[in-house]
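Novice: Residue strings, one per chain:
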Amino acid sequence: MKKIILAAAAVLALVPASISAFAATEVHIPKEQWGFSGVFGKFDRMQLQRGLQVYKEVCASCHGLKQVAFRNLEALGYSEEQVKAFAAEYEFPTLDDEGSDITRKGLTSDYFPKPYPNEKFARASNNGALPPDLSLITKAREGGPDYLFHLLTGYEDPPQGMTVMDGMHYNKYFADGNFQIAMARQLNDDQVTYADGTKASTDQIARDITVFLHWAAEPNLEARNSTGFRVMIYMVIFTILAFFLKQRIWARLEKK
Amino acid sequence: MSTEKSVWQKAFEWHEARLPLVSFVDNAVGSKYPAPKNLNYFWNFGFLAGFVLVLMIMTGIVLAMNYVPHKDMAFDSVERIMRDVNYGWLIRYMHANGASFFFIVIYIHIFRGMYYGSYKAPREVLWWMGIIIYLAMMATAFMGYVLPWGQMSFWGATVITNMFSAIPLIGEPIVTWLWGGFGVDNPTLNRFFALHYLLPFVIIGLVVLHIWALHIPGSNNPLGIEAAPADKIPFHPYYTIKDVFGLGVFLIVFFAIVFWLPNSLGHPLNYVEANPLVTPPHIVPEWYYLPFYAILRAIPDKLLGVVAMFGSILILFVLPWLDTSRVRSATFRPVFKLFFWLFFANGLVLGWCGSQLAEGLPLIIGRICTFWYFFHFFVIVPVVGWMETPRPLPASIGSSVLKAAE
Ligand code: HEM
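Taken in sequence, the protein lines are chains A and B.
Take any residue in the first sequence, count from 1 to its spot, add 78: that is its number in our numbering.
Take any residue in the second sequence, count from 1 to its spot, add 144: that is its number in our numbering.
Looking at chain A on its own, in the form it has when it is part of the complex:
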């Protein structure tokens, strides 16, 4: 039995080793510390609010957030009134009783509006590239939040000898597009003025928007973690009890 386990362990150790040997050409995405990771992970409400501000002021002109409704923003620590006021800043097209085009104020039940009427329009405005909807972006890319953070801060001068195409920008984390991305560098120091007075360094802004977008992708993360913890305590106790019950029942066989 021991030999078998050793053999299996050797195989299991070999396979990932060979995988990483081949993956050498892919970019390495450094791991960051996030408050939401781990078993007890949580979102920092103030950080979520800052991230929302970044989304609204910087990203929303090009990227949608179509899975998120204004009512969801209460989870960021806003009151119902604040959310109502936030929604009312947006205008949505509708028809009046005569059938003519008018606009109405946004309601909490509305979703974030799309920045472009359709894909053609979006591409025409962005050099042929399509800015993806950001609702699920941290789950839709290898590397998740770490990737997003480093993508936003990964703009550099291209390495010597590399020619970057017209309208494209060098980004050392954008492996999918041969390190040339149609989105220009978006974040700079003091790009936003935070309502809570936090100093807006590029690094800080990138972290805030990353945390906000991870909330947008996984709004139930906190409930998931805490429910998981309670379920796990229950399961461990259940399993220990089942084990002793099993020992007790099987002990009857020896008495025979």
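It is possible that part of the hints are untrue.
Said to hold, decoys possible - As a list, the in silico DSBU-like pairs of lysine-lysine whose alpha-carbon atoms are at most 35 Å apart:
#1 B:Lys215 x A:Lys134
#2 A:Lys134 x A:Lys192
#3 A:Lys162 x B:Lys215
#4 B:Lys446 x B:Lys154
#5 B:Lys215 x A:Lys198
#6 A:Lys192 x B:Lys215
#7 A:Lys277 x A:Lys134
#8 A:Lys109 x A:Lys144
#9 A:Lys217 x A:Lys120
#10 A:Lys134 x A:Lys109
#11 A:Lys183 x A:Lys144
#12 A:Lys134 x A:Lys162
#13 A:Lys277 x A:Lys183
#14 A:Lys250 x A:Lys109
#15 B:Lys215 x B:Lys446
#16 A:Lys144 x B:Lys215
#17 A:Lys183 x B:Lys215
#18 A:Lys144 x A:Lys162
#19 A:Lys217 x B:Lys215
#20 A:Lys192 x A:Lys277
#21 A:Lys162 x A:Lys217
To be verified - In silico negatives: residues of chain A with every beta carbon more than 12 Å from chain B:
#22 Ala138
#23 Cys140
#24 Lys162
#25 Glu169
#26 Asn204
#27 Asp211
#28 Ser213
#29 Leu214
#30 Gln258
#31 Asp274
#32 Asp281
#33 Gly306
Keep in mind the hints are simulated off the structure, nothing from the lab.
Note that beta-carbon positions come from the ideal geometry of N, C-alpha and C, so glycine has one too.
Given chain A, work out where chain B with the ligand should sit, using these hints.
Specialist: This is chain B with the ligand only, laid out in the frame that chain A set:
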């Protein structure tokens, strides 16, 4: 205490005399089913597979209440489940990860059978039923993966259905017929949803046949020798409680993934809505198909690749006759045991090859491993059966247990 029967007891007996439901269950997996007393923890996985099947059906039905099988709405409807349905995220993560755990459990269950020779006479039909269940599971999970209508759903479905076009003459018409059109589109999604709902219930029927076939000879055991009546114990309470304990351990691992790493077994691209105009650079199926995907791509000819891929599973049907040894358990077959683990490792490496682009070293390794896969069944298994001298078998389970205790 009086010996009078209570009114409940009488009512129960009245009912049992007319429809012996409780006796039926008791005979099948209860106190009236005698099982060898030396079964180890690898025998827990049959029960676990049944448990996961029930879990998949229960979570699946709740998902189906909120899911919309339309190409313009499917992706968003899954997001509504994740965000707006009460505990929808839990139901969906249990269903998505449950499929992976179903395969983990089934793979252990199948390898258990191969190690202890459970496919040999008189259990061949039991083995067949198992393989048919496995095939039905593969079809179910494939169609389920299409339902969320992400990029991998769409392109995985395109690649896999396109395989059938390799069949000469009728290939193209078959693919059009499968799609219900000239590409993976709304009709494809609709029929996959209908079949994805149906097949698990077909699997239940197959499981009944599987257990029925199990009860004719009874369970095999780690020694692979016939169990004398004296070496058997009632399934209930001994194995029921052991299964409950095993279930606890299983659920701890399962819930750790569901609650804390729910997307670790999935592909990120399936969180991007399907787009027929954007082909992902690297299309990979779910991890549980990877070894077969590697076999498919190892062979340069499309038709032969498809034949090899299906053949790699169908070959299991004749395994009982390819294995020429009459000794069941690998415990007493030192040479076979070695090749068994080699085959197991070969399967893992094939899986890795399936996850890589089919070029360079992974392709070469994939070809060697594909060769070995078939070489194992067609040459190693029969020849080892003839050549090997097995270690002496114990006279009975009881005597071997005594020896171990000394
Ligand atoms: C043998 C049992 C089953 C297996 C192996 C299985 C497998 C799967 C898989 C792999 C997915 C994709 C999960 C994802 O990535 O989102 C899925 C989705 C789905 N399944 Fe099943 N399933 C089973 C039974 C059922 C049953 C019985 C039903 C309905 C009664 C059902 C309803 C659904 C629905 C509505 C979806 C789409 C929602 C989603 O993607 O999460 N499943 N299934």
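Novice: Now, for every hint given, state plainly whether the structure supports it.
Specialist: Status of the hints after comparison with the structure:
1. B:Lys215 x A:Lys134: Measuring from Cα to Cα gives roughly 30 Å; hence the hint holds.
2. A:Lys134 x A:Lys192: Distance ~12 Å between Lys134 (chain A) and Lys192 (chain A) Cα, so the pair holds.
3. A:Lys162 x B:Lys215: Holds, at roughly 33 Å.
4. B:Lys446 x B:Lys154: Distance of about 67 Å is beyond 35 Å: violated.
5. B:Lys215 x A:Lys198: Roughly 20 Å between the alpha carbons, so the hint for Lys215 (chain B) and Lys198 (chain A) holds.
6. A:Lys192 x B:Lys215: holds, 20 Å
7. A:Lys277 x A:Lys134: holds, 18 Å
8. A:Lys109 x A:Lys144: holds, 28 Å
9. A:Lys217 x A:Lys120: Measuring from Cα to Cα gives roughly 17 Å; hence the hint holds.
10. A:Lys134 x A:Lys109: Roughly 27 Å separates the two Cα atoms, so the pair holds.
11. A:Lys183 x A:Lys144: holds, 18 Å
12. A:Lys134 x A:Lys162: It holds: about 16 Å lies between the C-alpha atoms, which stays within 35 Å.
13. A:Lys277 x A:Lys183: Holds, at about 33 Å.
14. A:Lys250 x A:Lys109: Distance ~16 Å between Lys250 (chain A) and Lys109 (chain A) Cα, so the pair holds.
15. B:Lys215 x B:Lys446: holds, 30 Å
16. A:Lys144 x B:Lys215: Holds, because 17 Å separates the two Cα atoms, which is no more than 35 Å.
17. A:Lys183 x B:Lys215: holds, 31 Å
18. A:Lys144 x A:Lys162: holds, 18 Å
19. A:Lys217 x B:Lys215: holds, 21 Å
20. A:Lys192 x A:Lys277: holds, 30 Å
21. A:Lys162 x A:Lys217: holds, 29 Å
22. Ala138: Check passes; 19 Å lies beyond 12 Å.
23. Cys140: holds, 17 Å
24. Lys162: At about 19 Å from chain B, Lys162 (chain A) clears the 12 Å cut-off, so the statement holds.
25. Glu169: About 23 Å separates Glu169 (chain A) from the closest Cβ of chain B, which puts it past 12 Å; holds.
26. Asn204: holds, 15 Å
27. Asp211: violated, 8 Å
28. Ser213: violated, 8 Å
29. Leu214: violated, 4 Å
30. Gln258: holds, 15 Å
31. Asp274: holds, 27 Å
32. Asp281: holds, 25 Å
33. Gly306: violated, 3 Å
The structure does not agree with the numbered hints 4, 27, 28, 29, 33 stated previously, though it agrees with the rest.
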